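**Q** I would like the entire structure built from these sequences, with the hints used as guidance.
Protein chains: 2
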Amino acid sequence: MRRLLITLSALFLLAGCASTDETNPLERLIQSSEQSDQAYEIVTSLTTEVGPRIPGSEADKRAVAWAESLFKSLQFDKVYKQPVRVRNWSRGLADARVIAPFPQQLVITALGGSVATQPGGLEASVVMFESLEELQQAKAEQVKDRIVFINKRMQRDRAGRGYGPVVIGRARGAIEAAKLGAHAVLIRSVGTSNSRFAHTGAMRYDDSVERIPAGALSNADADNLERMINDGHDVRLFVDMRAKEHGWQTSYNVIGEITGTEKPDEVVLIGAHLDSWDEGTGALDDGAGVGIVVAAANLLKQTTGAPKRTLRVVLYAAEEIGLVGAREYARANESDLANIVVAAESDFGAGRIYQIDTRFAPDALAEATTLFDALAPLGIVKGNNEASGGPDISMLPAKGVPVVSLRQDGTYYFDYHHTPNDTLDKIDIDAIRQNQTAYAIFSYLMANGDIDPRPAPQLGSAR
Amino acid sequence: MRRLLITLSALFLLAGCASTDETNPLERLIQSSEQSDQAYEIVTSLTTEVGPRIPGSEADKRAVAWAESLFKSLQFDKVYKQPVRVRNWSRGLADARVIAPFPQQLVITALGGSVATQPGGLEASVVMFESLEELQQAKAEQVKDRIVFINKRMQRDRAGRGYGPVVIGRARGAIEAAKLGAHAVLIRSVGTSNSRFAHTGAMRYDDSVERIPAGALSNADADNLERMINDGHDVRLFVDMRAKEHGWQTSYNVIGEITGTEKPDEVVLIGAHLDSWDEGTGALDDGAGVGIVVAAANLLKQTTGAPKRTLRVVLYAAEEIGLVGAREYARANESDLANIVVAAESDFGAGRIYQIDTRFAPDALAEATTLFDALAPLGIVKGNNEASGGPDISMLPAKGVPVVSLRQDGTYYFDYHHTPNDTLDKIDIDAIRQNQTAYAIFSYLMANGDIDPRPAPQLGSAR
Chain U
1 MRRLLITLSA LFLLAGCAST DETNPLERLI QSSEQSDQAY EIVTSLTTEV GPRIPGSEAD
61 KRAVAWAESL FKSLQFDKVY KQPVRVRNWS RGLADARVIA PFPQQLVITA LGGSVATQPG
121 GLEASVVMFE SLEELQQAKA EQVKDRIVFI NKRMQRDRAG RGYGPVVIGR ARGAIEAAKL
181 GAHAVLIRSV GTSNSRFAHT GAMRYDDSVE RIPAGALSNA DADNLERMIN DGHDVRLFVD
241 MRAKEHGWQT SYNVIGEITG TEKPDEVVLI GAHLDSWDEG TGALDDGAGV GIVVAAANLL
301 KQTTGAPKRT LRVVLYAAEE IGLVGAREYA RANESDLANI VVAAESDFGA GRIYQIDTRF
361 APDALAEATT LFDALAPLGI VKGNNEASGG PDISMLPAKG VPVVSLRQDG TYYFDYHHTP
421 NDTLDKIDID AIRQNQTAYA IFSYLMANGD IDPRPAPQLG SAR
Chain A
1 MRRLLITLSA LFLLAGCAST DETNPLERLI QSSEQSDQAY EIVTSLTTEV GPRIPGSEAD
61 KRAVAWAESL FKSLQFDKVY KQPVRVRNWS RGLADARVIA PFPQQLVITA LGGSVATQPG
121 GLEASVVMFE SLEELQQAKA EQVKDRIVFI NKRMQRDRAG RGYGPVVIGR ARGAIEAAKL
181 GAHAVLIRSV GTSNSRFAHT GAMRYDDSVE RIPAGALSNA DADNLERMIN DGHDVRLFVD
241 MRAKEHGWQT SYNVIGEITG TEKPDEVVLI GAHLDSWDEG TGALDDGAGV GIVVAAANLL
301 KQTTGAPKRT LRVVLYAAEE IGLVGAREYA RANESDLANI VVAAESDFGA GRIYQIDTRF
361 APDALAEATT LFDALAPLGI VKGNNEASGG PDISMLPAKG VPVVSLRQDG TYYFDYHHTP
421 NDTLDKIDID AIRQNQTAYA IFSYLMANGD IDPRPAPQLG SAR
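So the protein lines, in turn, are chains U and A.
In case it helps, this note's numbering puts the first sequence at residues 1 to 463.
In case it helps, this note's numbering puts the second sequence at residues 1 to 463.
In short, the hints are calculated from the structure, not lab data.
Check each hint, because a few of them may be wrong.
It does not matter which identical chain is used: a pair holds within one copy or between any two.
For lysine to any residue, the following SDA-like pairs were computed, each having C-alpha atoms within a straight-line distance of at most 25 angstroms [to be verified]: (1) Lys139 <-> Lys301; (2) Lys61 <-> Asp95; (3) Lys72 <-> Pro103; (4) Lys244 <-> Asp207; (5) Lys244 <-> Gly121; (6) Lys61 <-> His246; (7) Lys244 <-> Phe102; (8) Lys81 <-> Pro103; (9) Lys61 <-> Asp145; (10) Lys382 <-> Pro457.
Computed from a predicted model, the values in this text were never measured in an experiment.
**A** Here is the structure:
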């Protein structure tokens with residue numbers, strides 16, 4: 001972590017200077033952050049010195065050591081790990097080719113958790129459906145012994161609203177295809193770019209039906225396959241996937257705290273997830289989040305000193321394979337959850353934050369005006385009071401824990417999400433700095449002020 | 001070619017209708033082209049029904065059959081093939097990983113024609129140079145037993161002027177590194193995108209030095225490696241490349257002609273190359289060119305009938321591995337070259353044409369005003385008289401053959417060039433239609449008019 005520490009030390013001196021002036025602490029913190037590339041440097045360190053880190057792998061263990069070492073080098077008051085049992089899976093080769101009528105290579109990747117094909121691969125004709133729903137309505141004779149191709153295209157949207165309607169095909173495609181006797185399922189990637197990458201991501205099986213291999217085609221390859229099929233051809237594919245399960249491993253939630261000076265038992269939690277998929281370097285998903293929350297907490301500590309409440313930074317394990325670290329965190333800390341005053345997670349890349357949604361006790365919303373006003377100069381507007389807070393804290397509001405969603409511009413997030421192309425160069429340094437400043441402001445005001453938004457309101461079944 | 005023929009037939013009817021009106025023939029041709037997606041449909045057919053087509057491969061043979069069938073289905077007057085001997089090379093696996101200090105996968109590809117690594121791959125420390133020139137000035141003790149990394153970055157430019165200064169490292173890197181005892185050479189890709197693709201392309205060996213494996217890293221991976229090295233680490237890589245030479249094969253220049261009505265021995269030549277690298281589908285390089293020149297000739301034939309001079313469309317073999325088809329064309333047709341009134345090649349993607357450069361006998365430039373005037377409404381300005389004409393006709397001016405360069409906007413061409421990402425979706429349908437119209441205008445005026453720009457002027461040593 002040499003590279004990082006040099007620049008962090010330089011920053012420390014700078015912050016030390018700034019702390020002597022007469023402006024108010026929040027202003028000093030904002031100035032400090034606006035002069036700091038710390039979030040960017042942390043994600044640079046993580047992607048360069050660890051790289052991809054799929055849960056339970058050797059690289060995941062190195063990521064845990066990196067995170068622990070980072071918190072310690074930044075002299076957080078408490079640094080500890082929480083063990084999490086994870087199933088380790090490796091992708092292996094994923095090869096697909098058109099055999100007939102027009103032999104050519106396709107770009108695919110295995111969906112996370114998929115079984116392998118039989119040794120030597122499989123060959124079958126393709127049947128195309130426009131959506132999971134269309135597959136569900138198909139007859140077995142259309143599907144039996146074939147490769148199912150689900151061709152639903154994701155729509156681009158700032159808030160990522162194109163994801164939900166399409167990701168269901170990734171999650172359940174193998175189950176629905178297997179019910180009708182398919183040999184394998186391939187989906188059009190859940191992604192918005194025309195760069196020729198296939199997007200991986202978690203999928204599920206159902207013990208009542210056969211486990212069949214599941215993969216994703218890049219958008220360009222899905223287009224090509226679609227053209228062949230729409231031209232009336234019986235398209236035969238060869239698919240060879242060599243994914244493997246490696247059994248249970250231990251990973252860790254890595255936690256760093258700055259202990260509160262007045263109310264140490266009251267906790268402001270900011271989080272991100274430490275794991276990533278294995279093909280990119282996990283820069284946007286979620287190295288950016290790691291950089292943002294660690295830098296925000298560290299800038300606060302360096303610039304304004306320990307806050308009144310405890311500021312806890314949680315780097316969750318194994319988010320990608322089903323929020324495994326987050327569920328363990330909620331389980332192991334169940335008796336402590338009532339002490340969490342508010343939680344927020346950064347896990348949507350490094351785009352600028354444009355809105356703050358909350359899930360605060362309605363009475364506390366008026367007090368929170370100081371928070372909304374402090375964020376406004378960053379271009380962040382007040383949103384609704386129905387926030388989910390982010391994947392790893394999504395189970396907390398049901399336990400009464402208030403959450404905030406600092407909503408990032410995700411217009412381009414799904415161009416890179418879960419692909420080999422999720423690398424450091426996709427992060428805009430000014431945009432990640434704006435995130436860092438917003439999390440610093442949020443952390444400062446929630447950990448030093450009197451806002452207590454507990455308990456989170458429970459939302460209707462509409463959520 | 002079912003898909004293509006349906007739409008071409010529909011267009012034929014449309015063009016038939018248009019030909020009954022009273023406007024002048026060139027106006028009718030322009031109108032026809034502006035209503036036609038023919039170039040786009042041809043490249044769609046080639047990329048969908050053939051796909052990648054490396055010289056001498058089975059796919060290359062299918063491309064030759066496709067091209068012959070296309071000319072015949074379009075009822076060109078003469079369709080013939082010219083055999084070309086090519087060496088067939090296959091890429092095989094290309095794997096590279098950082099072993100120490102920060103183990104992670106890198107994205108590489110083999111340079112075209114590279115030898116394989118020894119079985120089982122090789123492991124060595126990396127030495128980085130900022131350019132080929134810096135490598136040439138190095139001492140053997142810096143380089144011996146290492147992997148050389150040439151880290152020169154290509155600059156984006158509309159005219160592609162960033163290519164030349166960088167491609168020399170791709171061409172000669174293996175020679176210069178081997179002279180100093182390196183085990184292998186990796187270059188930063190010759191490409192302008194931050195999409196995580198490595199760019200392949202031809203490289204050379206020199207019989208006087210050892211042949212060492214040569215590959216390219218994606219820009220993102222070159223960045224990562226550069227960071228590790230600049231942080232002072234001894235970076236060790238594992239590289240495994242399994243490229244193979246498969247010996248001599250026969251490929252073909254495929255040629256279609258529309259015989260001239262008045263001066264059949266005088267030839268207007270428009271060309272593109274039929275082969276492609278093996279990772280993309282060869283859409284921009286050079287399916288687009290194939291679509292543009294075939295569509296332009298076909299629209300001319302359908303709309304205005306056979307021209308006075310012969311219009312010859314040459315689809316060259318094996319451009320990518322060293323202009324092999326073009327050299328054979330020039331050799332085999334040497335006695336006929338004097339009959340070529342003018343030649344033009346489309347081989348720079350599908351961006352809009354913004355300029356016409358010529359290499360015309362100076363006396364003919366005044367006559368050529370009709371050509372410049374006809375192209376101006378397409379946004380094409382008159383350029384210089386020092387055109388090279390394009391790779392496959394670059395050897396013709398020295399033989400006195402006049403050439404034209406219809407210069408395309410290449411701002412984004414090197415984002416995709418020689419990568420798996422060179423696929424159909426990168427072609428803008430309006431831009432390729434503008435190219436088609438420009439080639440149709442050029443073909444019509446040069447094949448029907450009195451402009452005779454022979455002989456091409458010989459340029460000074462400055463070129």
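**Q** Measure nothing new, just compare the shortest in-copy and cross-copy C-alpha distances for Lys244 and Gly121 to 25 angstroms and report within, between, both or neither.
**A** Classified as both; 14 angstroms inside a copy, 24 angstroms across copies.
**Q** If the cutoff is 25 angstroms on CA atoms, where do Lys61 and Asp95 land: within, between, both or neither? Let me know, please.
**A** Intra 29 angstroms, inter 24 angstroms, cutoff 25 angstroms: inter-copy only.
**Q** Could you figure out if Lys244 and Asp207 sit no more than 25 angstroms apart (CA to CA) within one copy, between two copies, both or neither?
**A** For Lys244 and Asp207, the Cα distance is within 25 angstroms only inside one copy (18 angstroms; across copies 45 angstroms).
**Q** Is the C-alpha distance from Lys244 to Phe102 at most 25 angstroms within one copy, between copies, in both cases, or in neither?
**A** between (31 angstroms within a copy, 24 angstroms between copies)
**Q** State whether the alpha carbon distance between Lys61 and Asp145 is at most 25 angstroms within one copy, between copies, both, or neither.
**A** neither (41 angstroms within a copy, 32 angstroms between copies)
**Q** When Cα atoms must be at most 25 angstroms apart, do Lys81 and Pro103 count as within-copy, between-copy, both, or neither?
**A** between (51 angstroms within a copy, 23 angstroms between copies)
**Q** Checking an output row: Lys139 and Lys301, CA cutoff 25 angstroms. Within, between, both or neither?
**A** Neither way: Lys139 and Lys301 sit 62 angstroms apart in one copy and 49 angstroms across, limit 25 angstroms.
**Q** Indicate which option fits the pair Lys61, His246 if close means a Cα-Cα distance not exceeding 25 angstroms: within, between, both or neither.
**A** Close inside one copy (15 angstroms), not across copies (44 angstroms); limit 25 angstroms.
**Q** What label fits Lys382 with Pro457 when the C-alpha limit is 25 angstroms: within, between, both, or neither?
**A** within (18 angstroms within a copy, 70 angstroms between copies)
**Q** When no copy is named, should Lys72 and Pro103 be tagged within, between, both, or neither for a Cα gap of at most 25 angstroms?
**A** between (55 angstroms within a copy, 23 angstroms between copies)
In this structure, the earlier hints numbered 1 and 9 are contradicted, and the remaining ones agree with it.
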